[in-house]
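Engineer: Chains as they are written, first to last, in the numbering used here: chain A, 1 to 148; chain B, 1 to 962.
Misleading hints may appear alongside valid ones.
Unchecked claim - Label pairs and their computed distance ranges (CB to CB): (1) A:86 - B:936: 42 to 48 Å; (2) A:20 - B:881: 38 to 44 Å; (3) A:73 - B:802: 22 to 28 Å; (4) B:908 - A:20: 31 to 37 Å; (5) B:802 - A:86: 30 to 36 Å; (6) B:778 - A:20: 20 to 26 Å; (7) A:74 - B:908: 25 to 31 Å.
To be verified - Heads up, simulated SDA-like pairs for lysine to any residue below, C-alpha to C-alpha not over 20 Å straight-line: (8) B:655 - B:636; (9) A:71 - B:795; (10) A:71 - B:742; (11) A:127 - B:765; (12) A:71 - B:747.
What the hints assert, rightly or not - To give an idea of the chain B side of the interface with chain A (calculated C-beta under 8 Å), a few residues: (13) 181; (14) 753; (15) 789.
No lab work stands behind these hints, which were simulated from the structure alone.
Quick caveat: nothing in here was measured; it's all calculated off a predicted structure.
Ideal Cβ positions, reconstructed from N, Cα and C, are used throughout, including at glycine.
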Amino acid sequence: MSEADEIEILLVEDNPDDAEIALRALTKHKIANRIVHVRDGKEALDFLRAEGAYAGRDGSPKPKLVLLDLKLPRIGGLEVLKAVKDDPELKVIPVVILTSSSEERDLLQSYRLGANSYLVKPVDFDKFGEAMREVGLYWLLLNRLPSA
Amino acid sequence: MDILKLEARIRLTGHGERDLKKERPEPEKMIRPTPNSIPGAVAASGGAIALAFGLLALIGWATDAPFLASLGDGKIPMAPSAALLFAISGSAILIRAAGSPSSRVLGAARTGILATSALALILLCSSLLGLHSGVESLGLRFSRGFPGMTLGRISPVTSFCFLVAASSYLLAEPRSAPSLRRVASALIAAYLLLSVCLVFLLGYFFEKPLLYGSGQVPPALSTILAFTAIGVALAVSGSERYEDAAGAAEPATSARGSYLIPSFVLFTVGVVTAGYLNYLEYAAGVRAGIEGQLTAVSKLKVEELVQYRKERLSDADMLSERLTLSGAAQRFFRNPRDLEAEALLESGLDKYADQYQYDRATLVDAEGAIYISKPDGAGPLPVPVARAVAASMDSGRTVFQDFYRDETDGKVYLGLVIPLPGDGRKDRPAGAVILRIDPTTYIYPFIQEWPVPSETAETLLVRRDGDSVLFLNELRFRGGTALRLRDPMVDRDLPAVRAVLGEEGIIRAKDYRGVEVVASLRPVPDSPWFVVAKIDASEAFAALGERLWMLIILIGALALGEAAAIAISWRSQKLRYYREKYESAEALRETTDFLENLIKYANAPIIVWDPDFRITRFNHAFESLTGLDASRVLGGPPDMLFPPDQAESSLRLIKSTGMGERWDAVEIDIRNVDGSVHTVLWNSATVLSADGKRLVATIAQGQDISGMKTAEDETRRAKEDLELRVAERTAQLENANREMEAFTYSVSHDLRAPLRAIDGFSSFLLEDYSASLDSEGRRLLGVIRKNSQRMGQLITDLLSLSKVSRTEIRSSRVDMTALVASALSEAAPPDAGAFEMDLRSLPDAWGDPSLLRQVWVNLISNAFKYSMKSPVKRIEIGGYTDGGDLVYYVRDEGAGFEPEYADKLFTPFQRLHKTEEFAGNGIGLALVQRIVARHDGKVRAEGRPGKGATFYFSLPDKEDEA
Chain A
1 MSEADEIEIL LVEDNPDDAE IALRALTKHK IANRIVHVRD GKEALDFLRA
51 EGAYAGRDGS PKPKLVLLDL KLPRIGGLEV LKAVKDDPEL KVIPVVILTS
101 SSEERDLLQS YRLGANSYLV KPVDFDKFGE AMREVGLYWL LLNRLPSA
Chain B
1 MDILKLEARI RLTGHGERDL KKERPEPEKM IRPTPNSIPG AVAASGGAIA
51 LAFGLLALIG WATDAPFLAS LGDGKIPMAP SAALLFAISG SAILIRAAGS
101 PSSRVLGAAR TGILATSALA LILLCSSLLG LHSGVESLGL RFSRGFPGMT
151 LGRISPVTSF CFLVAASSYL LAEPRSAPSL RRVASALIAA YLLLSVCLVF
201 LLGYFFEKPL LYGSGQVPPA LSTILAFTAI GVALAVSGSE RYEDAAGAAE
251 PATSARGSYL IPSFVLFTVG VVTAGYLNYL EYAAGVRAGI EGQLTAVSKL
301 KVEELVQYRK ERLSDADMLS ERLTLSGAAQ RFFRNPRDLE AEALLESGLD
351 KYADQYQYDR ATLVDAEGAI YISKPDGAGP LPVPVARAVA ASMDSGRTVF
401 QDFYRDETDG KVYLGLVIPL PGDGRKDRPA GAVILRIDPT TYIYPFIQEW
451 PVPSETAETL LVRRDGDSVL FLNELRFRGG TALRLRDPMV DRDLPAVRAV
501 LGEEGIIRAK DYRGVEVVAS LRPVPDSPWF VVAKIDASEA FAALGERLWM
551 LIILIGALAL GEAAAIAISW RSQKLRYYRE KYESAEALRE TTDFLENLIK
601 YANAPIIVWD PDFRITRFNH AFESLTGLDA SRVLGGPPDM LFPPDQAESS
651 LRLIKSTGMG ERWDAVEIDI RNVDGSVHTV LWNSATVLSA DGKRLVATIA
701 QGQDISGMKT AEDETRRAKE DLELRVAERT AQLENANREM EAFTYSVSHD
751 LRAPLRAIDG FSSFLLEDYS ASLDSEGRRL LGVIRKNSQR MGQLITDLLS
801 LSKVSRTEIR SSRVDMTALV ASALSEAAPP DAGAFEMDLR SLPDAWGDPS
851 LLRQVWVNLI SNAFKYSMKS PVKRIEIGGY TDGGDLVYYV RDEGAGFEPE
901 YADKLFTPFQ RLHKTEEFAG NGIGLALVQR IVARHDGKVR AEGRPGKGAT
951 FYFSLPDKED EA
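Modelling step: build the complete structure from the supplied sequences, incorporating the hints.
Structural biologist: Below, the structure is given as structure tokens:
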């Protein structure tokens with residue numbers, strides 16, 4: 001079934017520990033079946049565009065949600081965000097910023113560039129998990145996306 | 001120094017008026033009167049009135065309505081030619097006086113006036129020469145004539161007046177440079193016209209219209225009124241021109257002159273005319289009186305004489321009857337020796353002789369022979385008597401013997417010859433009785449007497465005697481005239497002659513003395529006598545002479561008084577004028593002195609230069625500024641005062657004052673002979689001539705600001721320095737800020753991540769290996785987790801704290817009540833319902849809403865938190881104004897705190913309670929304090945252990961600054 005191949009969430013996170021925590025939180029609450037984890041901005045874009053390392057990937061359907069950390073090596077999170085939201089094909093994908101920065105500056109910039117939501121990673125894991133559950137619930141189940 | 005010329009006005013204007021032109025006053029008003037002035041209005045109305053009269057009269061003539069032209073019955077109507085001339089001249093005057101007519105219209109008016117004068121001249125000449133043409137009436141006539149008046153003719157007076165009016169108009173024509181004499185002549189002409197009008201008006205007023213009934217045509221009343229209107233108009237406008245023309249010469253007196261003297265003249269003319277007319281009336285009255293008197297006298301005398309003669313004749317009849325009856329006379333005639341008859345006759349005659357009427361009674365026979373004459377001693381019959389006897393015998397009737405002279409005694413007698421009838425009544429009389437009358441007994445005295453004492457009055461009794469007049473009584477002024485004086489009637493003007501020639505009534509003539517007399521002539525009916533009652537004209541009209549003198553003296557006195565009054569007022573005005581001039585000259589001198597001293601000794605350097613930029617004044621202060629003596633500088637140009645490199649620009653500035661530019665604060669350097677240069681700040685003033693048209697001098701006053709200048713420079717430099725430093729500091733600060741931000745940024749990111757990992761993996765451990773862990777193991781992990789969470793919170797708190805310090809406050813008006821409500825919803829714990837909330841109304845504040853909200857959140861959550869364990873769960877929130885501050889508070893009845901540690905409350909991370917009791921890491925209040933401090937406010941706390949706490953924060957009321 002293609003459903004099983006559906007990529008539901010693209011997690012863009014460079015810190016492996018943070019990534020593990022996030023994945024754990026997501027899977028614990030059975031939010032999504034298929035989660036792809038990339039470790040920097042370039043990989044993220046390559047994935048989304050089915051280029052580079054991911055050339056040949058079946059580009060569609062696109063992921064239902066992108067969880068994007070801001071602090072990434074090489075291409076930074078905001079850059080990725082801008083690239084995604086500027087791309088007519090990709091801009092329909094909801095991008096939720098998931099970052100430890102609570103700086104107003106980052107908030108403003110993210111939304112300006114078209115972020116769909118902005119979350120600050122709490123230190124408390126329980127809270128983190130709770131947040132992930134709710135994120136998943138909202139963006140994957142409640143939120144409607146165009147079919148293409 | 002000519003005082004009059006130096007009435008210069010010094011203008012030290014406070015505000016710059018750069019244009020000289022603007023400061024010049026209005027030029028002298030033009031000679032032409034403005035339409036809005038009263039004289040103009042008066043002159044215009046005068047012209048309009050004359051025009052109206054003329055048109056009215058013309059309409060009257062044309063429509064056969066005479067009253068329009070004459071203003072009433074019995075008065076002469078205005079001649080049509082005069083009416084036309086009035087229409088023309090009235091319009092001309094109206095045009096000239098009302099409004100500002102174009103030169104073309106004015107020229108037309110002038111032409112009209114010239115035509116008027118030409119026509120008037122022609123008419124005047126023809127009137128004086130006695131020629132009258134149809135032009136005068138313009139061919140118009142009335143349907144009914146007026147008795148005694150020739151209608152439609154123009155009076156020479158009218159023509160003359162038109163000439164005068166025209167000349168006044170033409171002489172007073174507005175010109176650019178009217179000569180005083182011309183204008184004065186115009187004025188004189190106008191007043192001449194007015195004088196003529198006044199004379200005739202008075203005539204009409206006294207009901208003795210002048211020239212009526214004389215050879216010349218009198219001017220109509222309407223004509224005179226129209227001329228009066230014209231005269232007033234010309235006089236008023238002439239006065240104005242006169243004032244304007246003479247104003248320059250003698251401003252104080254000319255105005256009076258143009259009105260006073262002519263008014264005086266007019267008044268005198270009027271008074272003289274009125275006096276003369278009054279005198280005429282009086283004279284007429286006197287004359288009437290005299291004539292009345294004379295007539296009365298003559299009438300009386302005549303009646304008396306008539307009566308006398310009647311009586312005498314009746315006496316004669318009575319006598320004739322008596323003697324006849326007695327027959328004695330006849331007996332005596334027949335027999336003269338009839339003693340009885342003789343005695344009878346003698347007694348009878350005696351009786352008559354005794355009567356006072358008669359002085360002799362004589363009996364004569366028909367031949368005239370005297371038989372008896374009583375009183376005795378008669379002479380022969382005088383010739384006239386004998387003649388009368390003869391006449392009586394012939395006619396058989398009594399003869400009244402008129403005055404005769406008896407040759408024997410030379411006296412004058414009259415007589416009655418009474419015939420005695422003969423035997424038969426129809427026969428010739430037998431004789432006559434002659435009764436002689438001595439006129440001196442009655443007649444002469446009677447004639448002589450005069451009812452009122454008079455010096456020259458007398459009555460004459462005369463009769464015609466052949467070709468001459470015989471004076472029958474003694475004249476008053478000539479003796480021996482009775483029956484002796486005889487006038488040959490050559491001089492037919494003699495009153496006696498005229499009486500005898502049948503003239504009756506009042507005459508004026510020269511009498512027998514050649515003296516002018518007024519006489520009443522009257523014949524005595526049934527007699528040859530004529531009565532002349534006369535009185536010398538000089539006596540008769542003596543009173544008139546007196547009256548005339550009285551009037552003359554009175555008028556003279558009036559005129560003198562007026563003249564004196566005018567002269568006095570003139571003089572006093574002149575005096576006042578000159579005194580004012582003197583006083584103003586004095587005042588000027590004082591002012592000049594004052595100014596001289598002011599300039600000389602002023603502290604500030606003062607300089608004055610003339611329009612050629614030569615220095616005319618140079619005061620002491622300037623001398624010391626330049627080290628130059630005034631004598632070296634005066635009269636020369638100001639070049640030497642400036643440092644050489646600035647001379648040109650400074651000179652240019654000076655020259656600009658010549659255009660009327662005023663310096664308000666101009667810096668010009670002045671050089672001292674010792675080489676130093678002072679910077680001086682100048683302001684200037686312009687002095688204009690009296691008429692404000694020319695620049696006379698420029699004054700400049702300076703203020704040595706050299707010291708100030710250096711101070712200024714230093715200040716400027718210091719300021720620049722300061723600004724530089726401020727900029728540096730700001731840059732530094734901004735730098736620091738930026739660094740701080742970068743730091744916080746990395747903190748927020750980089751510090752949190754490991755914490756997250758610690759917490760996360762600890763929980764994984766707990767979850768995944770809970771089976772392998774005992775309770776202690778789990779507890780230990782729990783501690784790890786707890787601490788990492790705590791650290792995360794600390795980081796968050798630190799970040800907020802620092803953000804507060806960095807964030808820009810966006811102040812606006814804050815509705816604190818709403819803010820509190822919003823904060824409550826965030827800060828209230830789940831069991832907030834158990835709390836009693838006392839929310840008071842809060843005054844609005846001025847500040848950053850989000851930061852202030854944070855304050856409320858922190859304070860309120862503290863209140864809840866620390867009340868958790870207390871029995872009283874009550875929170876009060878309120879606010880009030882205290883002076884210039886807004887104070888807000890949160891009060892709880894919770895755990896409170898020990899007051900000694902109150903100041904520590906607001907220190908970051910300081911806690912007064914144990915963590916086990918109350919959660920929290922001590923950052924809340926620090927945040928509150930920092931936020932409030934950034935709002936320039938203060939925080940304060942009150943509390944006691946277990947008794948709750950009240951936290952206050954005050955914000956300055958910046959409402960006014962909003």
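Engineer: A separate judgement is required for each hint: does it hold in the structure or not?
Structural biologist: Structure-based check of all given hints:
| no. | hint | in the structure |
| --- | --- | --- |
| 1 | A:86 - B:936: 42 to 48 Å | holds, 45 Å |
| 2 | A:20 - B:881: 38 to 44 Å | violated, 58 Å |
| 3 | A:73 - B:802: 22 to 28 Å | holds, 27 Å |
| 4 | B:908 - A:20: 31 to 37 Å | holds, 34 Å |
| 5 | B:802 - A:86: 30 to 36 Å | holds, 34 Å |
| 6 | B:778 - A:20: 20 to 26 Å | holds, 21 Å |
| 7 | A:74 - B:908: 25 to 31 Å | violated, 38 Å |
| 8 | B:655 - B:636 | holds, 14 Å |
| 9 | A:71 - B:795 | holds, 18 Å |
| 10 | A:71 - B:742 | holds, 14 Å |
| 11 | A:127 - B:765 | holds, 16 Å |
| 12 | A:71 - B:747 | holds, 13 Å |
| 13 | 181 | violated, 101 Å |
| 14 | 753 | holds, 6 Å |
| 15 | 789 | holds, 5 Å |
Checked against the numbered hints above, the structure breaks hints 2, 7 and 13 and satisfies the rest.
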